[in-house]
Structure formats: C-alpha cells, structure tokens
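Engineer: Chain by chain, the residues run as shown.
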Amino acid sequence: MKNLAPKLSFQEYENNFTELHPPFNKITAKTEAERCLYCFDSPCTKACPTHIDIPGFIKKVATDNLLGSAKTILESNWAALTCAKACPVEELCEGACVYNEKGEKPIEIGRLQRYTMDNYFKDPSLQIFTFSEKKNKTIGIVGSGPAGLACGAELTLLGYDVTIYESNKTPGGLNTWGIAPYKLRQKDSMKEIKLIKNLGVKIKTEIKIGETFPIEDLVKKHDAIFLGVGLGESPELEIPGENLKGVYNAINFIEEVKSEKWNTIKVGKSVAIIGAGNTSIDAATEAKRLGAEQVYIIYRRDTSKMSAYEFEYLLAKKDEIIFFFNTSLKRIIGKKFVQGIECIKTKSSIKSKKDRSKLAVIPKSEFLIPVDMVIKAIGQKPYNIFLTSIPGLKLKDGKVVVNKKSYQTGNPKIFAGGDCINGGKEVVNAAFDGKMAAHGIDNYLSNNFQ
Amino acid sequence: MVDLSTNCGGIKSPNPFWLASAPPTNSAYQVCKSFEQGWGGAVWKTMGEPVMNVCNRYGGYDYNGQKVVGLNNIELISDRPIELNLKEIGETKRLFPDRAVVVSLMVESKRGIWHDIVKRTIDTGCDGIELNYGCPHGMSERGMGSAVGQVPEYCKMITEWVTEVSTIPVIVKLTPNVNNIIYPARAAKAGNASVISLINTINSIIGVDLDTFEIMPSVAGKSGHGGYAGAAVKPIALHLVSQVARDKEVNLPISAIGGISNWKDAVEFMLLGASSVQVCTAVMHYGFRIISDMIEGLTNWMESKGFASIEEFRGKSLPQLDDFGNFNLLHKTVARIDQKKCIHCNLCYIACEDGAHQCINLIPINGHSKTIVRESDCVGCSLCSLVCPVKDCISMVRVDDKSESITWNELMEEYKNENNPLTWEKLGEFQKKHGIVIH
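Line by line, the protein sequences are chains X and P.
In this text, residue positions in the first sequence follow the working numbering: the first is 1, and each later residue adds one.
In this text, residue positions in the second sequence follow the working numbering: the first is 1001, and each later residue adds one.
No lab work stands behind these hints: they were computed from the structure.
Some clues are possibly wrong.
What the hints assert, rightly or not - Calculated cross-link-like contacts (lysine-lysine; reagent style BS3-like; alpha-carbon spacing at most 25 Å):
id : chain 1 : residue 1 : chain 2 : residue 2
1  : X       : K187      : X       : K197
2  : X       : K30       : P       : K1067
3  : P       : K1340     : X       : K46
4  : P       : K1391     : X       : K102
5  : X       : K102      : P       : K1370
6  : X       : K59       : P       : K1067
7  : X       : K105      : P       : K1341
As the list claims (entries may be wrong) - For each label pair, taking beta carbons as the anchor points, the in silico distance ranges come out as:
id : chain 1 : residue 1 : chain 2 : residue 2 : range
8  : X       : N25       : P       : R1398     : 47 to 53 Å
9  : P       : E1036     : X       : I128      : 54 to 60 Å
10 : P       : N1366     : X       : N263      : 49 to 55 Å
11 : P       : I1365     : X       : K204      : 47 to 53 Å
12 : P       : Y1063     : X       : E91       : 31 to 37 Å
13 : X       : N25       : P       : P1097     : 49 to 55 Å
Claimed, not checked - Computed footprint of chain P on chain X, listed as stretches where at least three residues anywhere in the stretch have a Cβ under 8 Å from a Cβ of chain P:
id : segment
14 : 36 to 46
15 : 97 to 109
None of these values were measured; they are calculated from a predicted model.
Glycine included, every Cβ here is placed at the ideal spot set by N, Cα and C.
Just chain X, with the same shape it has in the complex (with noise of 0.2 Å):
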C-alpha cells in the first residue's frame, strides 16, 4: 500500500478494540434479570433461531442457580457463549422483549446470557449433559464452524462417534475468524470448542475435505456425514484496477484483524469499503481502529436498501464512517498500489420494489476518492466446485438444498447446514441448523439400521 496507516501503541489497539457490551457483574446481572417479567410462550424465545428457554434462564440467574441456567441456554444452542456475544440481539431475542411493547427498555438477554456462560466456562462442569447409551457408528463432519460443532455436540450426546474435519489450523470457523474482535475474541471461541472436544468429539485440523481427502473416502468410511462448510471467497467486482496493490477481500481483512496481532496488519491511511452489509461494517469499524484515518462505505443503493442492521449502521456512524449511498464503483485507479476511487452516482427507477436490478447511472456524475486500500464486502460465494462434485447433492442458487426437517440432503447419507445451505446468516442460525441436522442423522441412521 502506497499509504500506510499510522501504528498505535498496544494499548491504543487494545483500548479500540474492547467489548461493546462489558459484562455484568453478580449484582447488576440480579438486577436485570430480575427485571424480567418471566413470561409464559414468550416471545423473545420464539424470536431467537434456537428457541432457548430465556425466561427460564433469566429466572435461575435471579435465583443464583446459575449452572441450572447453563444447563436451560445450552440444551438448545452450543454455541451460547459466542451468540451471547456476538448475535444481533436487537433484531432477535431482545427485539421481541415484551418491554419494547411496554414502552420501557428490553432486558439485556445478550449479556445476561453471557454472564450466564462466562461463570459456567470458569468452570466448565460435564454434569450438565445426559449421554445417551453409545450406537457404534460414526459421524464424519465436514467444517468446525457453529453448525459443525454444534451438530457434532449434540451428536456426542445421542452416543455416537464424531470427527470434524477443518482444513483451517484453528477450528472454529467464523466463531474463530469471522466475528469483530470487539464483540468476541478468539479465547470465547476457543472455550467453546474445548467443550465439545471434552464431550467427545475429535477434531482434525488442516484437512481439505475434497482435495488432500476425496469426499467420497468419507463417505464410505463414516456412516453419515454433516457438512457445515460455510461460504467461500468474494465474488468479483470485475471493474478495472480490481488486481492492484491495495485490494483486499474482505473475510481475509477480518480473518487476519481476528489473529489480534494490531501492529503487523497492513491498513491503509484512507480506506474504501465496498459494499453494506455487516461484513462491510465490521470491515469499515475495524479498519477504523487500526488507524485508518478515513473509512468510506461505497454502496449502490440507498440506506432503505442496505443490509446491514440498524444498529451497526450506528455503530459505523459513532466510529466516524464516511458512507456514500447511491454510488457505484467505476474503477480502481492507481499504476502498482490503489491511488483511489472512481465513483459514479446512481438512482433506481421506482418500477418495481422488488426488482433490485433496476438501478440507473446518473451520467457524468463521476466522482474521485482518493483511498490507499479497497476492501471488497460484496458477499461470498459457495465452494460450488466442492458441492457440485458431491454425488447426490442439489443445489439452488448455490445453497445446498436440504429436507427442512431432517436437513438430509439429496445424498440420503449428507446432511448439511448453516451459511451453505441459507447463503449467509448469524451464528445462531447454523448453531440450530447444526443441532436439529444432528437429530436428523438419528432419525435416519435409527430407522435405517435397526
């Protein structure tokens, strides 16, 4: 990069990187959950993907019976500690809270249900979980993301043998690298996976299912296989300049932010976020905080259409984020490294609401922004090459099609779920995906072999 941004001292990194949502402690977690209306079929459970019990829990932390409310969060989601974390708790469980109906400020489930994890992983007691009698067959699980170890826990439980396969050297997935390290660190991650090792289930690292092991070896080799293999690289922009010095992707940005080594990742003084959804703003506030002086979002449409949250489009703006709405990429522009940005403004035709496509340039409305680094959040794309070699398997629209239920896939023996079956949503979604596929393989295995 031509322009490197300024480097902080340790502390300053740090300091730009503490939580959002400091923890309680005993006497503000009380006073919270006990400001709980204990709801009966409450809404706030139905509103989180995986259904946990929140009153419930709540309850038992008001009543210092705060194993009893690790045993409620994590009978329906495994990964409790990293959705305590990192889920957007305003769109789910604390969106649906009664008291925003009231009038009066929800209660603070995410952190309540972090508080809950946090005492439970000092201590992370076995005792909780009831273990089925062993089956003697073995599960193969493609992916040590949310929905892998997820569906690979719940499995342990219902007594089989479970091996994850992660062609990463760290397992965890986006738990481990995906998720701003103001909202959760690699140890909350960490802690998580050393739970699921220690109920049984093995995990090897640095095997690439489909190249260095063929897919059809573990197929025959485990007796039903889970794939939660997630999403692969961004898509191209395929405008000019896209190859320069300076041009980054950005799962790889945020997987080398998540290393938490500050002074060795490379930002740029002025920096262009491409796209706006929450990748592009965990992109935009994270390169903020290395130090970047100017961050811009560049986004085609308006606010109305942008797919990031509320609330981190507010997270963006209080971490001075430049946004440009209806503006769209021309080019790169630079010689060796990124020099800046040319931008031209655009307008949709209001024919149809659903149409997204329908959006017009505003001729010689052309712009330039000088920027030293361009970040691509434009989505990700499923590992086609990998899924569409798996005999059996149907894709659509490049997620990989699954029985609601049962999430058994078209190959009788895959199951499959999280992003590469939705296409991309929270770790809570592919925590559920992972657990009911997991029930799934039961059902399957239990009728077919008995």
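Fit chain P to the supplied structure of chain X, relying on the hints for placement.
Structural biologist: Relative to the frame of chain X, chain P by itself:
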C-alpha cells in the same frame, strides 16, 4: 386551601405525619432535625428499664431487586439513660411547641414505678404518653412489651395505673401478635386510654444464610425472633386498624402504624379511620426528607378531591367493611383484556391456567399469542388482572344487571330450619337459577 392539622385524642399536630417510637426518634438531634423538615409529631423512642443492645440488630427482606421490602429488628428500647432522654424531650418541645411530642414508656409492671415515670415524663411538657405494649422481643421475655399487650387484663391494669396520674392524653400501642386485636384494644379503653396506636412489629425471622446456615440477623452465631416492619406489613396493619376502628366498644381515635411509606399509604389508613399516622421503616431507609412528598402529596390529593380537612374523609371507607356473609353472591364480574394494550407476556394465561380456573385461551396469531378470556367460564377471581404488568390492560367488568342481590346470610335464612338443611343439590339449584356455573 386545605388544612392538614390533626387532633388525635387531644394531641394536636400541624399535620398527621408522626415519627413512630423507633430508632429515628432516639435523640433530640434526630427529632429536631425531623421537625425542621416538616414532620408533624414524633413519638420518642421508648424509655424505661435499663437495657443493652447487641449487634447485629436488623435484618432486611429484599424481594425481586427491591431492597428492604420488610425490615426486622431485635433492637431494644432506648439504651440511653432516662434523665438524658427527659432533658432532651423538654428541650425539643420548647423548640417546637406546635409539634406533637409523645413519649413512649415501658417499665416494670409495678404501680409505683409507673406512677413515678409518668409524672417525670409529664414534667417535660410533652403532649402525650404512649404505652409500649407491643415490643415482641427482648423486653417481652422480661414481662414487658408484648407480654403485656397479649394479656388484656394486664393491658387494662397498667393503663389504669398510668391514666390515674396522667394529666395528658395516653396512647396505648398494641401488638399484632395476638389472636384478636379487639380484646387488648377494649382493655385499653377500659383502662381510660385516649388513643389506640397500632400495629407494633410482627414476630418474625427474616431469613437463613444458605452458606453459613446462620439465622439472620445473627449475633455471634445466635439469633431469635425479631419485630417485622416495613412496606410488607402494610396489609396486615390495614386490617388490624380497620378492626379496631369499626369496633363500637373501643370507639377511640387511632394513630396508625405499619408499613406507611408515602402519603398514599397514609391516606389508606385515614380512610379506614386513623387520625394520625406513624412512620419508621421508610425513614430508616430514606431519611426524614420523605416528609416533603408526604405533605405535598396529601395536600394535592385533598385539593383534587375537594377535602378541606382530614376529618372530611377520615373513616370514609369504613362503612364498606362487613362480614363475608353479607356480600352479594350475585355480583358477577369477568375479565376483559384490552388487546391494544396487551404486550403478549401471557402471564394472565399461565396464572389462570395453573393457578385459577382455566378460562383464558392462548391462540397463536402472527407469530405471537393472543389471550382471549372465555367469559362464560370466567369466575371473576381477578387474578389475571393482578398479574398483568400493563396498567388497565385487563379490567374486571361487572356483567350482572345489578337488579338482584342475595347474600349468604339471606340464603341461609331459607335453610335455618333443621329439617331443611342446605345441601350441595339445593345450592346447585340456586346457582342454576342465577346462571352461576361452577367448573
């Protein structure tokens, strides 16, 4: 302009708010400070026999995040010498001649000793004497306090000893730790008391520590019952005050005590007949400053209701007090839920389903649940409306045509003949006739 002044059995004060005989009235410093802030009167902390206190003395009952909903104590009467108390009482009264200064007394049950302390107390210039027949701990074991209040004969005898020499009004303070409050109240009347004050504290153990197994409050590993007070005891106090207030034989002014924390609580007691109210726990929690809201709140309420003086509303709710047998059996209410206000917590549903009469349906609509009362099944218990966290969301609506009234006592008139007793069958016919369905 409303007049808050009170005359409680001859004891006058500019407003009905007195401090109860308790730690806040331990010294002239405290009582003078409270008077400066507006308190209408104070009952000096009980003085009498030599005592020594222990630590810890108090235990708090916290509920769902609210600190000290109830407070219990094993503190004794004043541990300061009588001479010091008398001197300070005199000085306080001289500084605040318009306030009610009442002195609480408790001495050994001997006529001469009572005569002596009463005379010395009157010499201070105070406005009244309160006899502490209520202290449930420490003193009762020594034959004083509630040991007197629990035996009507003692109650009458000692009151007589006091009133035969007293030139100022005598208040008898009753203990709630009795089967029937009326008997000690009537005994006080028979002993020529001018005023009844109630309630003193309730026998209680505040809690047990789950880690140390200690009973709280713990005195070096030992504990015992203490007197319970604070907001939690208000309903009990309201009942006992009302019992004394409606008793024709007692017929004395009442100074009400028990969980009064604000002007609203005070008004409730006055609607049940109290002439003045005494406050302790709320002051122990928040300080004398609460008086500002009490005076303002009462004044504003009286203005909004058009009452010029306390006498205009005192006892206003008493005529409603009656026996269960005189209640109208045909009064029919049902719960109605305002769907616009409902926040879908479904607490009404689960309370009715598990704790009452299963009259609410939970119907899934648009991802949440709608609660619908089956009015034909609703027994009008009102539990749902009580647990609902939204104001005025569930109302109890009267649905009978108000044309008929039959009470249990009236119904029994028909069956008073031994040859025609009331049976379940006959009751069933009565219910059927009036459309009352039991399920």
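Engineer: State the violated hints by number, sorted upward, taking the hints as numbered earlier in the document.
Structural biologist: none
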